[in-house]
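Hints are included, so try docking the two chains, each in its own frame, into the full complex.
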Amino acid sequence: MDLAALKYAKTHEWVAIEGDVATVGITDFAVQLLSDLVYIDLPKPGKALKVGESCGEVESVKAVSDVYAPLAGVVTETNPSLGDNTEPLSSDPFGNGWLIKMKVSDLSGLEQLLDRASYEKHCESEAH
Amino acid sequence: MSYLFATATEEQAMLSRIGVDSIDQLLQQIPKPLQLDKLLDLPPALSEMELEQHLRQLASQSSGATSRMCFQGGGAYDHYIPSVVDEITGRGEYYTAYTPYQAEASQGTLQAFFEYQTMICQLTGMQVSNASLYEGGGSVSEATLMAMRTTGRTGRVVIAGALHPEYTQVLRTYVGHTSTEVIHIPVGSDGTVDLTKLAGAIDENTAAVIVQNPNFLGNIEDLAAIADLTHAKESLMVVSTDPISLGLLARPGELGADIVVAEGQSLGIPLQFGGPYLGILACRNDFIRRMPGRLIGETIDRTGGRCFVLSLQAREQHIRRDKATSNICTNQGLMALRATMFMAQMGPQGFKETAELCLQKAHYAARQIAAIPGYTILFSETPKFKEFVIQAPQSAPTLIEKVAKAGVDIGPALSQFAPIPGMPDTENLLLVAVTEQRTKAQIDHLVNLLK
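Residue numbers (our numbering), protein chains in the order written: chain A, 1 to 128; chain B, 1001 to 1451.
The following block holds chain B by itself, in its conformation from the complex (with noise of 0.2 Å):
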């Protein structure tokens, strides 16, 4: 039988073979109300020369990072992605068999993630990865589930100041309908978390406290001063980081993380509406059986051979039902290839250069904003990495749009999110981010469009 279209034959087939006479009858249970008794708003249909058309007309319509220039921030950024990585991921090899589900029969993959592991825990200062999850809102949410089976607590979790406001949602909406009290600490003048305040709140039945850094508002917190706060309540730090900043800032696990997650977008995933992107998570080692997803090991054949296995499934959904670490039954195979391609390409020297590039771009771009009349920078004092927060004399959105006219994208405006707590609630903020691929022409062009 053909997949593309069913004939009235066909149906009939079909419908007599359940023993139905009708589609009607066969709806039946689906309660009046809830069907629709009209066609759908379709029109006619195109022959394919004609859908090619349309789709290319649709198509040029839209434009990406690529044909402008993207001064865009808030958790997804245009990095540079070596040609390299599109080469290598593309492969049919990897292409096709990127979440595989006869797992140690696919050991190219494996060994790909295996390798991926390794740089991740090289990255962030950790001693275990997994081999990703879906993307870092989720990542967030699926820490601090494990800080609680780790640490037997669910009574509170404190997220310190600016974490991103949609992983804080992703995360209210986890623990939403639990028994678990989440508390936000706001951020203090410094835009960084009031630390006075975070002390307060960390208890003993406190499993975790999360912490973004850079956070949202691009600013630098003081994770080992945090650490120290959530140490001593024996919860857990949990730490949101932007990968590419660790080729400067230091790991946190050196600054006392006990579980490190991340957007992995700026890791060789361009931007593209969202998603796919990757989450990352690691963590020391005695949480390794609390990890959600799935791990990556090495070991021998029985040849005495080098080889790469799915390891600890047993505590994953597919096994163990609603026993299961978490409800993450696969990975983002794919994302996780490319970031390891980028990793790889990039290498300790890479990592460093493009962060290097990121810092001293984005305070020069801040530098010459703040010049303008009418402009502020939020925050001046604070350490930055690559992003921050100005106020604009109009209402950021309408200067958004008025920028982007010129092809020139810049924002989110915070006014778009929930507010975090401590920053003042104002149309005029708006986030900028300058990557290693902006040009010192660009900015300026940008710092021209803003006056």
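Next comes chain A alone, as it looks inside the complex (with noise of 0.2 Å):
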């Protein structure tokens, strides 16, 4: 996965888009903070999305931490080796551990997001 191509939310989600569909996953850093991942909950196929809506959760031993949509769309996928078995996500974040895919209802929306320069800037300061 080209880092540079996707985009990105303030929220730790990231966007690569092709057409009008979405795939959104978090990235590396936000797996790294949570540590210790033990179960990712995603929304039904079929679901409505506002941007920044929370869309679903991602456990670890001793956080939960929400999932929120980077755009506004329609849900049209899961990732389905995804649930009790956190390891897609952990080991290849950008990668096999993409979290949903959904049709995006208005594409002006990726304006807002961050592009990859922007993003580790923003990591960076969260950090300190």
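For the record, the hints were derived by calculation from the structure and aren't laboratory data. Built from N, CA and C at the ideal position, the CB exists for glycine as well. Accuracy of the hints is not assured; some may be wrong.
[Stated by the list, open to error] Taking beta-carbon pairs under 7 Å as the criterion, some of the chain B residues facing chain A (in silico): (1) 1314; (2) 1315; (3) 1320.
Structure representation (structure tokens):
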């Protein structure tokens, strides 16, 4: 995965866009922060999402964190290999660890997201 | 500083530390009309000796189930408690650490909760149990909220027939200010839920169908039929049960229950002015992450030894705050421990025998009462466990009082609760429960008193 080609939300989701279909996951930075993942809860296909709406949960031993929708649209698919098995997310967050695919209703939302350089800067500021 | 009293000097020291001159100034922010402008109406202080005598005198006026004959029902029952329950739960190691705040440091307590969970699962036929909630009514509500989280439906919940009216009230309080519609299906002429009306009420927005079995009137519901109606609309069936009845009745898990809840008072907890009691909640494995409260898990420590941990606590209130699974952030540890000791002591055979004794004695009592002129056993054709409704020839509260004067407790009167849909609204109805503790002589004594 070419990380520079992805878009990022400040809440640590990444987006790969292809036509009007977005693949969404959470970044390696978020995965490392959470550590010891135990469970991932994803929305059902067909669910309509607004930008910034909580659409799932990633649970680690000590915390549960929301996954927020980076774009508005309808969930079309969720990663079937996730759930109690969190391994793909830990080992390959930008690839096999993708969370959902969605049909985006408003592509202009992409402009609100960060590019890789801005996202890295954002992470640096959060790390301190 | 002593914690017993505050001298004028200490009071002044505290006030000046806060930076105010007087108590009045400290309390200024409370509006005047809300402030008490007179001294408390208290009797003069007593010496320790006088106080002790006074309290002993007061204590001698109350009497409990142990000194009377208890035929009372309505959700709390006079079951036998093996002495080992008091002996073990009274040990300092358990008694003082009943809700461990440094959980993993209290391995003994965690292991007891783990055993509790195991036995609750065996008893209910479910796959997971939490480490307890506060009491039965709260468990019904928590199970209902859990069903909403699991199904993603919040539009409607359906109460099937004779759920304990107080549990109904608790549930209505929980969801009263939400958009959830609570539909209460009446009981039919046999004292169990009207299945035709129930079928019509369960729709695609229904999160849960809540049924009590044996129900509040003592009757046994057709759980399998209710489960079919519930599951046809992909709703979840919440069954509130009497744990002792499971010594004889099929386990709710085998009849299609998705979540089983119960008041655990019957399991080794004495009757004590309404509490503390024990909320049981168990469910299918798939719902484990929607479950409120705490759950004890088993794992191995770094040396490979068996040990116990608080699992899934990341969802609890102290971490998850407003997004916690529920507002339950602790459990009923000491009561769960009593239940554990009780269940371990009774074993499957003890449960079965206890349940059989309840059943037989209750049916004997019902037959004897039915033979008294003027008395009727309601729903006499419907299968029952240990409790039944009688229609007395006079007002139930009056009758209860009359019998109580002779040292025998029956009731409660149905008129003291909110009406159950489908039930005739009469002053003359009351509940009678017969546990394994009642002897034939005691039952005959009650029958004589009722004549």
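Structure-based check of all given hints:
no. : hint : verdict
1   : 1314 : holds (5 Å)
2   : 1315 : holds (6 Å)
3   : 1320 : holds (6 Å)
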